[in-house]
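K.L.:
Note that the protein sequences, when read in sequence, are chains A and B. Be aware that the first sequence starts at 1, since it is given in this note's numbering, and climbs by one per residue. Be aware that the second sequence starts at 1001, since it is given in this note's numbering, and climbs by one per residue.
What the hints contain is simulated information worked out from the structure, not anything from laboratory work. Built from N, CA and C at the ideal position, the CB exists for glycine as well. Certain hints may be false.
Facing chain A, a subset of chain B residues (Cβ under 10 angstroms, in silico) [what the hints assert, rightly or not]: (1) L1044; (2) A1054; (3) K1101.
Spelled out from the first residue to the last, the chains are:
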Amino acid sequence: NAGVTQTPKFRILKIGQSMTLQCAQDMNHNYMYWYRQDPGMGLKLIYYSVGAGITDKGEVPNGYNVSRSTTEDFPLRLELAAPSQTSVYFCASSYLRLGGVDTQYFGPGTRLTVL
Amino acid sequence: AQSVTQLDSHVSVSEGTPVLLRCNYSSSYSPSLFWYVQHPNKGLQLLLKYTSAATLVKGINGFEAEFKKSETSFHLTKPSAHMSDAAEYFCVVSDSGGYQKVTFGTGTKLQVIP
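Next comes chain A alone, as it looks inside the complex:
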């Protein structure tokens, strides 16, 4: 199993450009998540999905969009990049078991800089 994969690893964008961060998992997990990590701030949830066709906002969804057309893939779209979106982005997946969310498995991250 490859686990959770993310592409690209690094990207520099100009203000106003758009891009899609790719995320895929091969563990047949129903839950998938997108987080951003800013220095000293921990991880903030951007969007999450409980299964194909179902997505919902997290704490910091403004400026981002997601889709979940398959169980495996959960891309994150930035439409009009802004310097405030400079961050490291992590995708994660997990099972939802009886009693709550199970262990999250994280991708290696995408380091995005907006200039």
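Starting from the known structure of chain A, arrange chain B on it as the hints suggest.
P.N.:
Chain B only, in chain A's frame:
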């Protein structure tokens, strides 16, 4: 509503001495609690988790944590620090209620001095 507070942003220990990383939580339901570790420029990896079974949870690399409901705490400990333990540690809470939300603490950076 749920929240998690990591009481120390930085902890510094000497190699071979005990490690204590503190975490307090609040939750409206019976929570699941996790500790994750992040080494520099890497993704996060699970250290251990509490999911309403034994209150003393053992994880990888000699770490353990004790769930104390009366104190709403889930502190992470290790008897003897190794240089390879230097990393950032995150405490995470997840409610078992109908809305399965996951909340991360702000992290504790552990420095191990040789």
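K.L.:
Take the hints in turn and mark each one as holding or not.
P.N.:
We went through each hint and held it up to the structure:
Evaluation of the L1044(B) hint against chain A yields a held restraint, the C-beta minimum of about 4 angstroms falling below 10 angstroms. With its C-beta approaching chain A no nearer than about 15 angstroms, A1054(B) sits outside the 10 angstroms limit, and its interface hint is violated. Taken as an interface hint, K1101(B) checks out: its beta carbon lies about 8 angstroms from the nearest beta carbon of chain A, inside 10 angstroms.
Of the numbered hints stated above, the single one contradicted by the structure is hint 2.
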